[in-house]
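K.L.:
Throughout, the numbering used here is defined as the position within the first sequence, counted from one, plus 14.
Treat the hints as calculated values from the structure; they're not laboratory data.
Keep in mind that the hints are not guaranteed to be accurate.
What the hints assert, rightly or not - Derived lysine-lysine pairs resembling DSSO-like cross-links, with alpha carbons at most 27 Å apart: (1) 174 - 210; (2) 245 - 209; (3) 245 - 17; (4) 179 - 245; (5) 210 - 17; (6) 179 - 139; (7) 139 - 203; (8) 38 - 17.
Stated by the list, open to error - Simulated restraints, written as ranges between beta carbons of each label pair: (9) 147 - 271: 18 to 26 Å; (10) 174 - 38: 40 to 48 Å; (11) 146 - 35: 21 to 29 Å; (12) 194 - 136: 12 to 20 Å; (13) 256 - 128: 28 to 36 Å; (14) 179 - 136: 16 to 24 Å; (15) 127 - 27: 28 to 36 Å; (16) 211 - 246: 15 to 23 Å; (17) 210 - 150: 35 to 43 Å; (18) 257 - 58: 18 to 26 Å; (19) 34 - 55: 13 to 21 Å; (20) 257 - 220: 16 to 24 Å; (21) 146 - 174: 29 to 37 Å.
Being a predicted model, the structure only gives us computed values, none of them experimental.
Each residue gets a CB set at the ideal place from its N, CA and C atoms; glycine is no exception.
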Amino acid sequence: MAKIATWNVNSIRTRLPHLLSWLKESPPDVVLLQETKVMDDQFPRDEIETLNYNIALYGQKTYNGVAILSKFPLEDVTTGIPGFEDEQARYIEAVTGGMRVASIYVPNGTEVGSDKFAYKLDFLKHLYTHIQTLLTYDEALILGGDYNITPSDEDVYDPKEWHEKILCSTEERNALRSIIYLGLTDALKAMHPDKKEFYTWWDYRAGAFQNNFGLRIDHLLLSPQAADCLKSCEVDRAMRTLEKASDHAPVICEIDL
DNA sequence: ATGGTTGCAGCGCAA
Numbered sequence: 015m016a017k018i019a020t021w022n023v024n025s026i027r028t029r030l031p032h033l034l035s036w037l038k039e040s041p042p043d044v045v046l047l048q049e050t051k052v053m054d055d056q057f058p059r060d061e062i063e064t065l066n067y068n069i070a071l072y073g074q075k076t077y078n079g080v081a082i083l084s085k086f087p088l089e090d091v092t093t094g095i096p097g098f099e100d101e102q103a104r105y106i107e108a109v110t111g112g113m114r115v116a117s118i119y120v121p122n123g124t125e126v127g128s129d130k131f132a133y134k135l136d137f138l139k140h141l142y143t144h145i146q147t148l149l150t151y152d153e154a155l156i157l158g159g160d161y162n163i164t165p166s167d168e169d170v171y172d173p174k175e176w177h178e179k180i181l182c183s184t185e186e187r188n189a190l191r192s193i194i195y196l197g198l199t200d201a202l203k204a205m206h207p208d209k210k211e212f213y214t215w216w217d218y219r220a221g222a223f224q225n226n227f228g229l230r231i232d233h234l235l236l237s238p239q240a241a242d243c244l245k246s247c248e249v250d251r252a253m254r255t256l257e258k259a260s261d262h263a264p265v266i267c268e269i270d271l
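Let the hints inform the model, and build the full structure from the sequences given.
P.N.:
Below, the structure is given as structure tokens:
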């Protein structure tokens, strides 16, 4: 049984104590990290390698940055979406433990209709094309990350307040739905089809976590070969309760290949 | 509540 997690850490250096204790207490086999916010030469490799993880990095100063940690050897590592010119470090892919995995940090978009929103849609368009190609490989494929999109109003604590706002607009939801309809399974939704108020991100402001004012924007999307072997998927809310927590909680699935 | 908080770099910007 392989355990695969995705987690937006919001700075690997600030979150390192939480990451290390989490890796010690309930070690996933594969960890897909987003928003590491550090250049590769400053990534805290030694502390993580000591816990028997291999590491693949695509970092950037101050913003963005993605990484893959794996108990298995990491092969065929690629960075960036093929065919998409992007100076921001938001995509890394590798083959590990009999699976192909990717850690994806979709642009936030800031505001519907803005230049950054256009960039978000462009990123999603190229991601769609790349996933089309990946699905022809007929592999166990796990696309984890901060997609910065709620699939539906069920994934929003206050759909009226968020109606057509960023992370919830029809246009970006359609882009995500198109990607899923290529043949992917939303692992958390598949394991908990009727669960309500099931979120992965809570704003730091205004006591959002304490009030469970959250959104579900972090996803593990699985190819049919991976989905057939899916045994569980959960949100690790406990990580969001800690002092100096990331604003995102990890999403973890178990796959019995 | 065009507010609120966090992380970064170095006090404005992105989220």
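K.L.:
Honestly, which of those hints from before does the structure not fit?
P.N.:
Result: hints 4, 11 break, sorted rising.
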